[in-house]
Structure formats: C-alpha cells, structure tokens
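All letters in the sequence shown, in the order written, are residues 0 to 388 by numbering that gives the first Met the number 0.
Careful: at least some of the hints might be erroneous.
Stated by the list, open to error - Result set (DSS-like, lysine-lysine): computed pairs, CA atoms no more than 25 Å apart in a straight line:
| # | residue 1 | residue 2 |
| --- | --- | --- |
| 1 | K41 | K5 |
| 2 | K25 | K139 |
| 3 | K185 | K61 |
| 4 | K300 | K186 |
| 5 | K301 | K204 |
Think of the hints as simulated: they come from the structure by calculation, not from any bench. Computed from a predicted structure; not experimentally measured.
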Amino acid sequence: MTKLVKIIFRGTYGFLSALFPVKRNKVVIASYRDEELSDNFKALHARLNENPAIEIKLLLKKMNTGLAGKAAYVFHLFSSLYHIATSRVLLLDDYYFPLYVIKKRKETISIQLWHACGAFKKFGYSIKDKPFGPSSAYLKVVPVHSNYDYSLVSSAEAIPHFAEAFNMDEKRVLPLGVPRTDYFFKKDHLHKLVEEFQQSFPGLKSKTKLLYAPTFRGSGHYQESKRIPLDLQAFKQSLDDPEKYVLFVHLHPYMKDYVNLEDDPFICDMTDHYSLYDIMVLSDALLTDYSSVIFEYSLLKKPIYFYCPDLEEYTEERDFYYPFETFVPGPISKNTAELARDISQSGNVDKYQIEAFSQKFITHQDGQSSNRAAEWIESFLEASRRKRG
C-alpha cells in the first residue's frame, strides 16, 4: 500500500511540476502536528508575514484516528502537492511523508526546523532499526528525512547530532537559533502574564509551583498507556509539607486525550488553559523525565528535577546523544521518595550547572532567533530573484 501511495504521489508531483512554475516568493509551511500555527512556525510566520513581498501558504493538518481520519489526511497530503510543487521554500517541523517520496525540483529548498530544541533523545537515522526508529526495509521504500536542504538548530553543539539524525551534511545544519525561544525574552509580556495569573489565582501565590511535563511515550499520535510515570498521590504524600506545593501538569499534545488525571486540589491540569511556555514562566521548578523542554526551561535558570524509574529500559529502547547521568542539569531520582527529597533540598541545586547547560545548547539568547531565520530566508529569496533577473 505504501509503495502504491508513493508512486501516486511521485507521479502527481512530477505532473504538477511540469505544468506549473515555482513561484519565486512562495513560502509553504507544512505540518501534521497541529491545525493552527504554534511553536516555531507561529514565531517565524509572524516575522515573515511582515514582508509583503512573501506569499505564505499554510498546510496544517492533524491526522485523526480511525480509517476515515487517515483517509482524510492522505487526501489532504495529496491535495497539498500543488503548493509543494510551486513553493520556493518549504518549511517543516517534523516528519513529512510527501517530501520523502517525491523527486523534489531543484528550484525548491526545504528547511527542517524540528519541533524539539537541542540534542537529547536520539531520533531519525540515529535510531535506525531500533524499536522506536525506522527499519532499514521501510527506509528503502520511504527514505524519511531525505530531501532536506537545510536544518535550523539551537547551537553548534547540536550540529553533528542533527546531521546524523537527518542523514545530511553538517554544513547544511545552521545554528541560527530556535524561533520559539524568542518568547522568553519578551519581558513586558512575561511580567504581564505573571501579574494576571496572580490576580486570577491569589491562593497559589505563596505556594511552590511545580511543573510536571513528562515526555511522550508512544509512536505516531498514540500514547502507549493511560498512565503517566509519576504516581501523583504517592509523590504528594512524600513531600515534606504537601500544602506548600501545587503541581501543574502539562501533557504532550499526543498524550492529553489518552491520560486521565486525578481530581485533587494539589493537581492542576493546565494542558488546555495555558501554553507550555506560559506555565514554564509561572512555575518555580520543572519535573520531567526525558522531555526536551529542559533546554527551554534552562533559559529561566530555575531548578530541574528528573524522575526516571525506567532509565535503563528507556536508554535501551530509545537512547540519548550523551550519557544521561552526566548530561542532565539536575538531580535524578528513581522513586517518589527520592524526588520529594530532592525538591525539599532545592537550595542545593547547582545554578551554575543549569547556566552552563543553557549556554552550551542555546547559543543565541537574545530574542532574535525568528529574525535571524527570516532574514536568512529573505536573503535566499532575494538572491534567487537577482539570479533569475
């Protein structure tokens, strides 16, 4: 079936490429992660949209469950081929099937922004033939992450890892910064956010606000179970004084429909009420396991705690680009008692370790990453126009 879809997509794209020319100023933003602009795309789109000479086309469609949902998504991808064929620049933030099965015309360049900041969990070709990665047999049919011309990353440190994951030349991995991190440098907005939150929830002002953001555990859009790794009640009872704390829970977009949270004043499910970045700013500390949000959170210079009861199993299945124990900027616990103890000893958190981690993996901490990416794209478009006269 995949081979047949590939043939149809490639043939249709080739036909459209022969029929229609590339539009010199057309930028296409394509994603299967969401149906509206978010994260890197939201930040970069806002900046590119300031340039009236650029035509922007959005191809945003989430793949829903069930046969009908998948069929609708395939139809969306098929109908998107015209815009891909006529684009000068194609921007992506994740896996994108159509690009891998076509013979992309030379006039179009594709840029992968990737949805995760920094190099943490292995992905792409780095985990080929591993349980979580693509098989060699599948790659022969669908060479995932192929046809990228460039990738934008957060620092030079990430270049070799992204080049390996995308099976591309390191010279094409550009450390221009991650557009969505500009959010953390909008001081007026952040100040207003905190003020409004305190006015809306005065009872939480004196509490230590812990953000729990576990990594997505599944494949595609599907969470493996309806449970999260941390036993929230056991954790609550292990804290030195539970009344001093409140736990903000923010679930990965692919988890929220599959995980049921308990009804408890200690637990605040913020998934649908505030963006993850908002909650990061509002919180006092982060609890996670293997989520790449640690990179962005390090910009805030707040404590980060790692709850990893399955570290050995997760490493075997997924693996990391660095040895986990020496890489992460915070204490690692294997059970709720250890996690509670680490939090109660928050004064022992090594702030210099967090700062060093932040500087190593996010080079540009100036709020201008969207601007740098947009200027690079604008320069490319301008050079193309001059070249063609």
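Verification of the hints:
{"no.": "1", "hint": "K41 with K5", "result": "30 Å, violated"}
{"no.": "2", "hint": "K25 with K139", "result": "31 Å, violated"}
{"no.": "3", "hint": "K185 with K61", "result": "30 Å, violated"}
{"no.": "4", "hint": "K300 with K186", "result": "15 Å, holds"}
{"no.": "5", "hint": "K301 with K204", "result": "17 Å, holds"}
Checked against the numbered hints listed earlier, the structure breaks hints 1, 2, 3; every other hint is satisfied.
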